[in-house]
Each structure stands twice: as C-alpha cells, then as structure tokens.
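**Student:** All chains should be modelled from the sequences, with the hints used to inform the complete structure.
Letter by letter, the chains look like this.
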Amino acid sequence: MPESLTRAVRWDTVVGALLIVLLLLSFGFVDGFGNALNLSFLIGNTLPIALIALPMTLLVVAGEIDLSVASTAGLSGAVMGKLWNEGMAIETIIPLCLLLGVACGLVNGLLVTRLGLPSLAVTIGTLAAYRGVAQIVLGSDAVTDFPSRYLDFAAGRIGDSFLPQAFLPFLVLLAVAVVLLHATPFGRSLFAIGAGEEAARFAGIRVKRTKLLLFVATGAMSALTGVFWALHYASARYDNATGLELSVVAAVLLGGIDFDGGRGTIGGAVAGVFLLGALQNVMSLLNVSAQSQIVVTGVLLVVSVLGPRVARQISLARAAGSTG
Amino acid sequence: MTHPPDTGPAPVLALKGVSKSFGAVRALRDVSLELLPGEVHALAGENGAGKSTLIKTLAGVHRPDAGQVLLDGEPVVFHGPGDARDAGIAVIYQEPTLFPDLSIAENIFMGRRPRRALGRIDHKATHAATAALMRRLGVDLDPGRPARGLSIADQQIVEIAKALSFDARVLIMDEPTAALTGSEVARLFGVVRTLREQGAAVLFISHRLEEIFEICQQVTTLRDGAWIAGEPLAGMSEDDLVRRMVGRDLAELYPKQEVRAGEVALSVRRLTREGVFTDVSFEVRRGEIVGLAGLVGAGRTEVARAVFGVDRRDAGEVEVGGRRLANGAPSAAMAAGLALVPEDRRAQGLVMDMSIERNIGLTGLRTTSRAGLVNRTAERSRSLDWAVRLQVKYARIADAVSTLSGGNQQKVVLAKWLATGPRVLIVDEPTRGIDVGTKAEVHRLLGELAADGVAVLMISSDLPEILGMADRVLVMHEGRITAEIPRADATEETVMAAATGRATA
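These protein sequence lines are chains A and B, in that order.
In terms of the working numbering, the first sequence is residues 1 to 324.
In terms of the working numbering, the second sequence is residues 1 to 505.
Note that these hints are calculated values from the structure, not bench results.
Idealized CB from N, CA, C, for every residue including glycine.
Heads up, some of the hints might be wrong.
As the list claims (entries may be wrong) - The following residues of chain B were derived to be distant from chain A, with all beta-carbon distances above 10 Å:
#1 30
#2 68
#3 99
#4 121
#5 154
#6 186
#7 189
#8 209
#9 233
#10 234
#11 236
#12 310
#13 384
#14 453
#15 471
#16 491
Stated by the list, open to error - Per the computed footprint, the stretches of chain A lying under chain B, defined by three or more beta-carbons under 8 Å from a beta-carbon of chain B, are:
#17 174-185
#18 188-194
#19 200-212
**Tutor:** Following this line, the structure appears as structure tokens:
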C-alpha cells in the first residue's frame with residue numbers, strides 16, 4: 001500500500017494531471033484555443049523544446065547539464081544557411097549540420113569528462129562561444145529560400161489534423177528515449193551515475209564514456225533542432241533559438257527530473273514541456289503581456305524545483321505514518 | 001538491576017517504558033534507561049537493534065509513541081533537537097560536520113559569538129572562550145585554526161567543545177571511535193574521563209567490545225528493539241555481553257575451514273602505481289583466503305583498486321583465471337570473474353538512494369537483460385534470491401538501501417557481488433563498523449566461498465580477523481609487500497613487525 005501512496009504523489013504524475021486539467025480548461029474557456037490552427041502552432045512551437053528535452057533528461061538524470069543546446073541549434077541553423085547560400089545541396093547540408101552538433105557535444109563532453117570541469121560552467125562557456133561562431137559564420141543575414149518541400153514538411157500538418165508532420169518523427173524519438181532510459185541497462189546506469197557516481201564506477205559502469213555519449217547525443221539533437229527551427233520558421237539566422245536552453249531546462253525540471261541527478265522520467269519531462277508550451281499559448285491568447293509570461297515561467301521554474309521535493313517529503317511522511 | 005540503589009545520584013536523563021514504531025517496524029519496545037551524572041553508560045546491541053532510534057529519541061528527533069523521557073526526574077516532551085539541546089543534551093556523531101573555512105572557535109560559537117559595542121563580533125572573547133574549553137578537555141588545539149584539514153578525531157573534539165559551550169550535561173557519543181586510530185581513541189577516552197569527573201552523563205556506543213569495557217561503568221543492551229538488560233559492567237565478560245546482544249552463544253567469530261588450495265585464480269605481477277605502491281606481486285589460489293594486512297595508508301586499498309581497474313596502473317600485470325586484465329577497466333575485470341567489495345560502502349559500494357533490488361541488480365544488468373532490455377522479473381528474482389541467502393533484514397526489496405542498518409547494507413554489497421558468481425573476491429574491510437553477529441556471518445560466508453573454490457583476498461585492519469580467517473598473510477608497508485606469512489607463523493607480533501617496517505621476510 002505505501003508503494004501506491006508513493007506513486008499517488010509522484011511529481012511526474014502531478015505534472016501530467018496539471019497538463020490535462022489545463023488542456024480541459026483551455027478547451028472549455030479560452031477562445032481560439034481549440035481550433036486546429038492554434039493547436040498546430042502550439043505543438044509546432046513546442047517541438048524544438050520537446051526534442052532537446054529528450055537527451056537533456058538523460059543528461060540531468062546522469063547528474064550533468066548542457067546549457068549550450070540553444071547555441072548549438074543556432075550554430076547549426078547558421079551553418080545550414082551559409083552552406084545553402086554557397087550552393088550546397090540540402091541533402092548534404094543536413095548531415096553536415098548533425099556532424100557539427102556531434103562535434104559541439106564532443107567538445108562539451110571532453111571538457112567535462114577529461115578535464116573534470118563542472119558541466120554548468122563548461123556549457124555556459126560554450127553557450128557564448130557557439131553563438132559567437134554562429135554570428136561569425138552568417139553575420140546578420142537571414143537565409144529564407146530553402147527548398148519548399150523541406151519548408152512544407154517542417155511547417156505542414158498531417159492531412160487536415162492539427163498535428164504537425166514533424167510530430168511523427170518526434171514520437172519515434174520519444175519512444176526511443178523512453179525505452180533507452182527506462183528499459184535498458186544503459187538507462188539504469190544513468191540513474192546509478194546520477195545518484196552515486198562512485199558506486200556506479202565501482203559496479204563496472206563506464207561513467208566517463210557514458211557521459212561523453214550523452215553530451216554527443218545532446219549536441220546532435222540540438223543541431224537537428226536547429227535545422228528544424230530554420231525550416232519551420234523559414235529563416236536561418238545566427239540568433240535562432242536564443243534562450244531556448246532556459247525553456248528546456250525549465251520544462252525538464254518542471255517534469256520532476258531532479259537537478260541533482262538520479263531521479264526522473266521521460267514522461268514527466270515531456271509533460272513538463274507541453275505544460276509550459278500550453279501555458280504560454282493560453283497566456284498569449286488571453287493577451288497576457290510578454291513580461292508577465294516571463295514572470296509566470298520563472299515562478300514555475302522555482303515551483304518545479306520545490307515541487308518534487310515537497311511531494312517526496314509528503315510521500316515519505318505518509319509511508320512513515322501509515323501504520324504508526 | 002534496572003534501578004540504581006536509592007543512595008546514588010539521581011539520573012539526569014532517563015527513558016521509561018519507551019516504545020517507537022515506524023510503519024510496521026517496531027524500533028523500540030518498552031525500553032528504559034537511566035543516565036547518571038559522572039557515569040559512562042554503554043549502549044550495546046547489533047545493527048538494527050534500535051540504538052539509533054533510542055539516541056534520536058533522547059536527542060529530540062523522535063517522539064516516543066509510548067513511555068516517557070525524564071529530565072531530572074520530570075517528564076519532558078522534546079519538540080525537536082533544539083529542545084533537547086536547550087535541555088543540555090548533546091550528540092556527537094561518528095563523522096562531525098564542521099564548516100571547513102571557519103576557525104575552530106568560529107565553529108564552536110557559530111551564530112552566537114560574543115559581541116562588542118555596535119554589534120561587532122568580539123574575536124578575542126571567542127578565542128579566549130574556545131581556549132578555555134580546550135583546557136577543560138585537556139586538549140591542545142589552536143582555536144584560530146581553520147576546521148579544514150582537521151582529522152576526524154580533532155573534529156569530534158571540536159564538537160565536544162561545542163557541546164560544552166552549550167552547558168551540555170548529557171553527552172551521547174554515537175560510534176565516535178569507528179574512524180579513529182589507536183592513539184586518537186586513547187585521547188578521546190582521556191577527554192571522556194575528564195567529562196565524567198566533571199559530572200557529565202555520557203552515553204557511549206561502540207561495536208568494539210573492548211572499548212566498552214575500558215571506558216564504561218554501566219551497560220544497557222537492546223536486541224530487536226527490546227530492552228534485554230541494564231547492568232554494571234564490572235564482573236561481566238565479553239562473552240556475556242555478546243550473548244545478551246545476539247541472544248545466543250556465538251558459535252564462532254572466525255569459523256575457519258580447512259580448504260586445499262587449487263590452481264592460481266588471481267595473479268598480480270610487479271604492479272606499480274607511481275607514488276602509491278611499488279612492485280607488488282602476489283597470487284591467490286582457488287579455495288584460499290589471503291589476508292592483506294598493513295597500517296592505514298600502506299597502500300592496500302590502492303592495490304585493490306588498481307587490480308580491479310577503478311584506478312589505472314603504471315606498470316605490471318593482473319591475471320584472473322589466466323586472462324590478462326585490461327588497464328583501468330572494471331567491466332573487463334568483472335567479465336573475467338573479479339569482484340571487489342570496496343572499503344567505503346556508502347560511497348563506493350552502494351547507491352544509497354536506490355532500492356535494495358536495484359543495487360544488487362546493478363552488477364547483473366548485462367546478464368539479466370534480454371534483447372538489450374532489462375528483464376525486471378529476472379532482476380527481482382536474482383536480487384531477492386541473494387538478499388534472502390545472505391539474510392538481509394529489510395521490509396521491502398524496493399526500499400532504498402539507506403533505510404538499512406550498516407551491517408545489512410554491507411550484506412547488500414556482498415550480495416551484489418556474490419550474485420556475479422565471482423572466481424576471485426576482493427573484500428576491503430568487510431566487517432568494519434558492523435556488529436559482532438553480522439561479522440560472524442560474513443566470516444562464515446567467506447569461509448564457505450573459499451570452500452566452494454573462490455579465491456578470496458581480504459584486506460583488513462582488524463588483526464584478529466586476519467589471523468582468524470587467512471591461510472596466508474601478506475603485509476604491506478609504505479607501498480610495498482614486506483612480508484608473506486603462512487597461517488602457522490602469523491601472530492599479532494609478526495604481522496605488526498612487518499606492517500611497521502621493523503622486519504622483512
């Protein structure tokens with residue numbers, strides 16, 4: 001019985017429930033929320049955050065963080081625009097951008113695992129550096145003339161539904177992330193690393209290699225997101241996706257991923273992403289000013305760090321007091 | 001024997017018929033205890049007997065479900081540790097937590113330092129008050145010295161001084177000697193005697209029976225949460241005390257089996273890690289228990305780490321079952337059949353926040369998974385199987401290992417490694433900080449493993465353990481193996497002589 005009690009107050013469940021409540025309320029009471037166009041905007045605008053949140057969740061569970069994701073996405077978009085202007089085929093450019101993301105992740109990962117630097121510091125540094133390189137690459141140009149079938153894919157919807165076409169690939173990546181974190185030995189080792197790195201090492205887990213791999217995956221996913229961003233908004237600029245890292249981190253923490261590592265679920269993170277996305281959408285529909293939206297997001301971030309801890313305290317207290 | 005004669009001094013602090021439950025676990029049942037001024041009172045019991053709960057009840061962390069806490073004979077209710085502290089009760093833990101960047105004096109008077117005019121902190125007064133406390137304890141520690149770099153022993157002294165600065169009349173010492181060297185223990189005992197003479201009541205917890213007999217006058221024994229006895233120590237033997245703690249005669253603390261050694265299972269040749277240990281060579285055969293003795297800092301643990309691969313070696317080779325191990329690769333060592341039960345179970349042996357099930361499962365992720373996916377059923381049955389075999393006492397297998405007592409945590413570490421079916425088992429301080437009953441179980445287990453053909457390398461600072469269990473004793477001194485002593489010739493004298501560099505064989 002205590003186990004079901006614990007589950008009842010699990011934070012990711014709370015966030016999932018909040019998301020459902022918000023959606024129901026919005027469908028019922030917010031004008032313009034339920035139409036297909038708005039929903040497709042909501043999902044399309046949230047997808048970049050959701051994509052990066054997947055590897056970010058793995059990284060935070062393993063006790064690390066990457067704040068350079070938005071800059072990597074921006075750099076990827078800038079390089080994409082530059083190479084397109086140079087006349088390279090888009091089919092060549094996209095793999096190159098992904099490789100660039102791998103390289104960005106590799107730099108972060110090597111600095112963290114080989115030099116033993118804290119990832120927070122390293123990726124604040126590369127956050128600035130990658131963005132700087134993006135500006136050097138593309139200057140203040142905006143590249144918009146990508147091939148239309150790519151633009152159509154990134155902005156289009158599935159048939160007459162409200163689902164963006166890019167939602168299907170996201171679902172595939174989501175499934176991969178869920179299985180990876182929650183059903184494979186690799187996922188188990190991430191929890192062990194996050195909750196007790198030394199004990200993980202003593203159990204034969206290759207901690208450094210695992211972390212390096214996560215940074216690389218995060219870099220690649222960020223670059224992919226950069227490509228998607230440039231196509232979705234039909235604009236490659238050096239400042240694409242600026243500030244996106246805060247949304248990603250806020251959503252992941254809101255989803256109950258413990259900032260100290262060792263705790264969290266992909267489901268929680270995705271619920272956090274869409275809760276944040278839906279909230280912003282609703283606030284825009286209700287004409288809440290941009291400044292107020294930022295305040296709400298900030299408050300949510302604080303709540304999301306506190307919430308899981310409070311939930312855990314409650315469940316511990318209930319477990320202790322259930323028969324006593 | 002539960003009541004002192006009426007003529008004696010009145011108890012400062014007492015428990016009367018106290019019970020406390022956590023969920024289904026009855027941690028304390030009808031326990032009584034009286035702490036008298038000028039007396040050191042031992043609290044004896046195995047891990048999980050309820051000692052921690054009793055301490056926390058006295059310290060105001062827990063409130064009893066039934067029974068009373070009496071202060072100077074009057075019932076009191078502590079609403080938190082602050083209440084207990086204000087009542088003059090101080091707890092000194094095994095590993096104190098001081099602010100490393102503050103001085104000793106600042107640590108002691110944290111948050112309530114003497115002030116001068118305009119609210120400025122009076123450094124001179126703080127310093128002088130600290131010096132006075134140190135004099136009272138008969139200890140020579142510079143009040144201005146930062147806490148960083150103080151030994152655990154010195155940190156405990158600072159905690160005791162802090163307790164005195166709160167005018168503590170009752171001092172509860174929870175395994176204060178577990179991490180101390182012999183001379184540090186002697187100094188601590190000097191301090192305890194001083195406090196006793198000054199009229200303090202001391203509650204002392206230790207797994208080392210000889211320490212209880214050395215420093216205490218009275219002993220209360222708990223077993224499975226129940227009060228077993230409260231009596232003077234005078235006239236008792238160690239065996240008497242063990243019988244009360246364990247509830248039976250302990251068959252044998254060192255159940256050594258005679259096993260014929262088989263082929264070489266672990267071969268270490270010219271292993272060197274620069275500045276740590278040099279040219280270390282030895283072999284362990286199937287069925288053998290080889291003891292690795294030496295002083296703390298001689299390089300024993302470091303050798304084990306390099307053999308297992310958590311640290312890289314600079315030179316030399318390690319072979320397990322004839323397979324040469326890659327450098328710095330614990331996973332390769334595990335694949336070859338090597339297992340290491342590390343020295344620090346809380347940081348290295350276990351992921352404390354993870355469940356018992358998953359901690360044991362951690363070493364079997366590859367073997368129990370199917371098609372790249374974790375097989376939860378197989379994982380659970382493997383973990384349950386080993387937890388039961390080693391008689392781990394737990395409520396639910398899904399509970400975090402942090403909820404277990406130290407001895408049971410150590411059993412989980414052993415379970416985690418035995419579940420890999422090792423060919424070679426290295427155990428580093430396998431019984432440190434665990435109670436005498438569990439200790440005997442661990443020894444029996446190591447004996448059985450050797451009988452089954454496992455090669456065991458046992459690092460221990462507990463000489464009787466080495467002498468009692470090992471077929472051969474390797475002794476390290478300053479990073480080198482200085483002696484190899486067969487069981488027949490191994491005595492405290494021969495081992496200590498080699499460990500201190502006075503003799504080489």
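**Student:** If a hint holds in the structure, say so; if it does not, say that too.
**Tutor:** Against the structure, the hints come out as follows:
Separation of residue 30 of chain B from chain A is adequate, the least Cβ-Cβ distance of about 16 Å exceeding the 10 Å criterion. Every CB of chain A is more than 10 Å from the CB of residue 68 of chain B (nearest about 18 Å), matching its label as outside the interface. Every beta carbon of chain A lies more than 10 Å from that of residue 99 of chain B, the smallest distance being close to 21 Å; the non-interface claim holds. With 10 Å as the threshold on Cβ separation, the claim that residue 121 of chain B sits away from chain A holds: the shortest Cβ distance comes to roughly 33 Å.
The beta carbon of residue 154 of chain B is kept farther than 10 Å from every beta carbon of chain A, the shortest such distance being approximately 26 Å. Distance check for residue 186 of chain B against chain A: the nearest CB is about 33 Å away, which clears 10 Å, and the non-interface claim stands. For residue 189 of chain B, the condition that its CB be more than 10 Å from all CB atoms of chain A holds, with the nearest at approximately 33 Å. Even its closest Cβ contact with chain A, about 31 Å, leaves residue 209 of chain B beyond 10 Å, as expected for a residue assigned away from the interface.
Taking the minimum C-beta to C-beta distance to chain A, about 34 Å, the non-interface status of residue 233 of chain B holds against the 10 Å cut. For residue 234 of chain B, the condition that its CB be more than 10 Å from all CB atoms of chain A holds, with the nearest at approximately 39 Å. Chain A leaves residue 236 of chain B outside its interface by the beta-carbon criterion, the shortest separation being 35 Å against a cut-off of 10 Å. At roughly 6 Å, the least C-beta separation between residue 310 of chain B and chain A is not larger than 10 Å, which violates its mark as non-interface.
Look at residue 384 of chain B: its CB is around 16 Å from the nearest CB on chain A, clear of 10 Å, so calling it non-interface holds up. Every Cβ of chain A is farther than 10 Å from the Cβ of residue 453 of chain B; the closest lies at roughly 23 Å, confirming the non-interface assignment. At roughly 26 Å, the least C-beta separation between residue 471 of chain B and chain A is larger than 10 Å, which holds for a residue marked as non-interface. With a minimum CB-CB distance of about 34 Å to chain A, residue 491 of chain B clears the 10 Å threshold, and the non-interface call stands.
With 4 residues bearing a CB less than 8 Å from a CB of chain B, the stretch 174-185 of chain A meets the requirement of three and the coverage assertion stands. Only when three residues or more bring their CB closer than 8 Å to a CB of chain B does the claim for the stretch 188-194 of chain A stand; here the count is 4, and the claim holds. Only residues whose C-beta sits within less than 8 Å of a C-beta in chain B count toward coverage, and the stretch 200-212 of chain A has 7 of them, enough to reach three; the restraint holds.
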